[in-house]
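Undergrad: FYI, numbering that gives the first Met the number 0 numbers position 225 of the first sequence as 224, with every residue one higher than the one before it.
Fair warning: there could be bad hints in the mix.
Stated by the list, open to error - Calculated lysine-lysine pairs in the DSS-like style (CA-CA distance at most 27 Å, straight line): (1) K234 with K302; (2) K420 with K431; (3) K285 with K333; (4) K333 with K302; (5) K91 with K73; (6) K264 with K314; (7) K77 with K185; (8) K73 with K117; (9) K185 with K154; (10) K264 with K154; (11) K285 with K305; (12) K369 with K336; (13) K263 with K369; (14) K314 with K369; (15) K305 with K369; (16) K305 with K333.
What the hints assert, rightly or not - Computed spacing ranges between beta-carbons, pair by pair: (17) G458 with K264: 29 to 37 Å; (18) H226 with A296: 32 to 40 Å; (19) S290 with A329: 14 to 22 Å; (20) R62 with T160: 50 to 58 Å; (21) A296 with G169: 21 to 29 Å; (22) H340 with E390: 21 to 29 Å; (23) G375 with D68: 44 to 52 Å; (24) D231 with R62: 13 to 21 Å; (25) K234 with V49: 42 to 50 Å; (26) K50 with K234: 33 to 41 Å; (27) G375 with L312: 45 to 53 Å; (28) G375 with R421: 53 to 61 Å.
Derived from the structure by calculation, the hints contain no laboratory data.
All figures in this text were calculated on a predicted structure; none of them were measured in a lab.
The beta carbon of each residue, even a glycine, is placed where N, CA and C say it ideally should be.
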Amino acid sequence: MSVVTRFAPSPTGFVHVGSHRTALYNYLFARQQGGKFILRIEDTDRKRYVKGTVENLLFSLQRLGISYDAGPGKEDDKGPYFQSRRIDIYRKAVEQLLQQGHAYRCFCTAQRLEELRKSQTAQKLPPAYDGLCRELTLEESEQRAQNTPFVIRLKVPKEGTCAFHDLVRGNVQIAWSQIDDQVLMKSDGFPTYHLANVVDDHFMEVTHIIRGEEWLPSVPKHLHLYHCFGWDAPKMAHLPLLLNPDRSKLSKRQGDVAIEDYLKKGYVPEALNNFLALMGWNPGEKNEIYSMEELIAAFDINKIVKAGAVFDLQKLNWMNGQYIRNMDTARYLKEAKTWLHPERQRDSRIETALLALKTALNTFTEIPEKLGIFTGTPPEANEEAQNILNEASAQQVFSEFLREMDAMTELREADFKAIMKRVQERSGVKGKELWMPLRVALTGAMHGPELGYIAEYLGKAEAVRRITAHLKK
RNA sequence: GUCCCCUUCGUUCAGUGGUCAGGACUCAGGAUUUUCAUUCCUGCAACAGGGGUUCGAAUCCCCUAGGGGAUACCA
Numbered sequence: 000m001s002v003v004t005r006f007a008p009s010p011t012g013f014v015h016v017g018s019h020r021t022a023l024y025n026y027l028f029a030r031q032q033g034g035k036f037i038l039r040i041e042d043t044d045r046k047r048y049v050k051g052t053v054e055n056l057l058f059s060l061q062r063l064g065i066s067y068d069a070g071p072g073k074e075d076d077k078g079p080y081f082q083s084r085r086i087d088i089y090r091k092a093v094e095q096l097l098q099q100g101h102a103y104r105c106f107c108t109a110q111r112l113e114e115l116r117k118s119q120t121a122q123k124l125p126p127a128y129d130g131l132c133r134e135l136t137l138e139e140s141e142q143r144a145q146n147t148p149f150v151i152r153l154k155v156p157k158e159g160t161c162a163f164h165d166l167v168r169g170n171v172q173i174a175w176s177q178i179d180d181q182v183l184m185k186s187d188g189f190p191t192y193h194l195a196n197v198v199d200d201h202f203m204e205v206t207h208i209i210r211g212e213e214w215l216p217s218v219p220k221h222l223h224l225y226h227c228f229g230w231d232a233p234k235m236a237h238l239p240l241l242l243n244p245d246r247s248k249l250s251k252r253q254g255d256v257a258i259e260d261y262l263k264k265g266y267v268p269e270a271l272n273n274f275l276a277l278m279g280w281n282p283g284e285k286n287e288i289y290s291m292e293e294l295i296a297a298f299d300i301n302k303i304v305k306a307g308a309v310f311d312l313q314k315l316n317w318m319n320g321q322y323i324r325n326m327d328t329a330r331y332l333k334e335a336k337t338w339l340h341p342e343r344q345r346d347s348r349i350e351t352a353l354l355a356l357k358t359a360l361n362t363f364t365e366i367p368e369k370l371g372i373f374t375g376t377p378p379e380a381n382e383e384a385q386n387i388l389n390e391a392s393a394q395q396v397f398s399e400f401l402r403e404m405d406a407m408t409e410l411r412e413a414d415f416k417a418i419m420k421r422v423q424e425r426s427g428v429k430g431k432e433l434w435m436p437l438r439v440a441l442t443g444a445m446h447g448p449e450l451g452y453i454a455e456y457l458g459k460a461e462a463v464r465r466i467t468a469h470l471k472k
């Protein structure tokens with residue numbers, strides 16, 4: 000049977016990086032196995048629905064290059080892929096459960112449940128439904144349903160343990176006594192996650208459920224549902240969580256958690272994928288830079304790590320820098336320009352400056368700041384730099400350089416080395432003593448990108464002007 | 001509280017009974033470079049603790065501690 004995985008987010012906000020990693024793993028596994036990857040929107044909680052998040056989600060997936068074979072906008076005979084449009088399917092399913100005695104209507108009010116929970120907590124008992132409505136006869140239940148609001152609960156076994164195998168965790172056992180009679184259908188007629196998820200995964204023929212670790216404790220409920228329906232359960236893999244530096248669940252309080260935040264900050268989509276893929280799994284080789292194709296080829300679901308991983312910005316930054324440096328020039332220039340002020344974008348020489356910065360960037364956001372050395376007015380040379388300017392050899396370099404300039408119509412980076420070579424020969428000055436005076440004269444600083452780029456960016460006239468300014472009569 | 005999961009350098013990932021416990025990021029030092037950055041080299045740095053099992057444990061078992069997750073008519 001061919002593999003089918005799914006990513007099933009709920010549209011309640013931004014796309015969390017952990018959520019994206021889940022999507023990525025599902026995608027990698029499906030692609031590697033030559034299977035199908037589907038996207039399903041779990042919008043069964045009308046209270047939590049946030050407008051625009053579906054669009055946002057689709058956009059994020061697209062930006063990061065994760066394509067799905069079926070899902071919103073790509074319907075097939077297994078759809079629709081919005082749970083809110085599948086309500087009839089869930090109702091039919093839960094009716095079957097009801098008729099077969101696997102589920103029951105519960106008429107308990109929210110108030111009673113609240114009190115129940117309070118008293119249980121006071122007695123240090125685990126809060127759980129006490130089963131008041133569990134033994135109602137179908138007849139009675141149907142009668143009361145006429146004029147009383149109700150939910151439908153799953154009749155969970157009372158004794159024994161639920162043992163199952165997880166692709167990441169191995170064998171796991173949970174006592175049935177720990178499992179509450181889960182609500183399957185809310186009083187508003189919408190299903191809960193547990194019901195909708197199981198029903199959809201079955202009808203969409205999902206073979207592997209790859210999702211976050213927070214779902215591990217509800218596996219018994221799901222397995223019981225499959226059992227009641229008489230369906231085979233998919234294989235499961237519960238992924239370790241992404242963590243804050245203090246090892247709590249990665250949250251907004253301690254930094255950016257939304258994919259779009261990182262996109263906005265100038266991170267390269269490929270780098271984001273590469274980095275996230277390596278949080279919780281690693282091919283175990285020296286190289287850590289992987290294209291999507293390489294990730295697909297190398298991915299091994301059996302080698303997913305069990306422990307949670309701290310989201311390490313330092314490494315992301317490094318990796319992003321790698322992607323920027325390895326980017327082909329055309330794409331680099333195109334992307335880099337989007338980080339410029341509109342007026343700078345019209346600057347005909349800006350590419351020269353951008354090219355010089357390519358090795359100096361970890362993220363594109365650093366561009367405006369690092370561009371300063373090209374576009375800004377040079378700072379007053381500090382004492383150390385001033386000393387360099389005052390050297391007799393510096394003066395010689397200046398005049399020789401100026402003389403070179405006389406012969407040129409324009410100043411090109413490509414010619415710069417040759418020019419300097421001639422200046423060196425004529426002046427007899429070389430090495431640092433040759434270059435530093437020019438650097439200081441041109442930029443006011445002792446450090447910066449390659450001088451040739453700076454010179455070309457400035458242009459002949461401006462370069463000459465700056466050097467002349469430091470020439471002593 | 002209860003249940004479940006987890007525990008190798010600061011971070012991340014290798015290592016599934018015999019390894020000098022390895023790689024990557026960070027950091028430090030060095031080389032290259034006109035400087036910075038890049039690149040390259042070197043180095044610092046870990047098996048949570050305690051019991052077993054075994055000739056031999058990071059690797060298997062138990063306990064403890066710590067961390068995380070779940071305990072909703074949210075997902």
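Undergrad: Verify the proposed pairing of K369 with K336, using a straight-line Cα cut of 27 Å.
TA: With Cα atoms ~13 Å apart, K369 and K336 stay inside 27 Å; holds.
Undergrad: Straight-line Cα separation of K285 and K333 no greater than 27 Å?
TA: violated (31 Å)
Undergrad: Should the hint that H226 and A296 are 32 to 40 Å apart at their CB atoms be regarded as holding?
TA: Holds - the Cβ-Cβ distance for H226 and A296, about 37 Å, lies within 32 to 40 Å.
Undergrad: With the threshold set at 27 Å, check whether the alpha-carbon distance from K263 to K369 stays at or below it.
TA: holds (18 Å)
Undergrad: Given the hinted pair K264 and K154, is their Cα-Cα distance within 27 Å?
TA: Judged against 27 Å, a Cα distance of about 49 Å means the pair is violated.
Undergrad: That 29 to 37 Å hint for G458 and K264 (C-beta), does it hold up?
TA: Distance hint for G458, K264 holds at roughly 32 Å.
Undergrad: Does K73 pair with K117 here, judged by a C-alpha cut-off of 27 Å?
TA: violated (47 Å)
Undergrad: For a C-alpha distance cap of 27 Å, please report whether K314 and K369 respect it.
TA: Given that 27 Å is the threshold and the Cα spacing comes to 21 Å, the pair holds.
Undergrad: Please verify whether K185 and K154 have alpha carbons no more than 27 Å apart.
TA: This hinted pair holds, its Cα atoms lying about 15 Å apart.
Undergrad: Do the alpha carbons of K420 and K431 lie within 27 Å of each other, as the hint requires?
TA: Holds. K420 to K431 sits at ~13 Å (cutoff 27 Å).
Undergrad: Holds or violated: are the alpha carbons of K333 and K302 at most 27 Å from each other?
TA: Since the Cα atoms of K333 and K302 sit roughly 38 Å apart, the hinted pair is violated (cutoff 27 Å).
Undergrad: Starting from K234, check that the Cα of K302 is at most 27 Å away, please.
TA: holds (16 Å)
In terms of the numbered hints stated before, the structure departs from hints 3, 4, 8, 10, 15, 16, 20, 22, 24, 25, 27 and 28, listed from lowest to highest.
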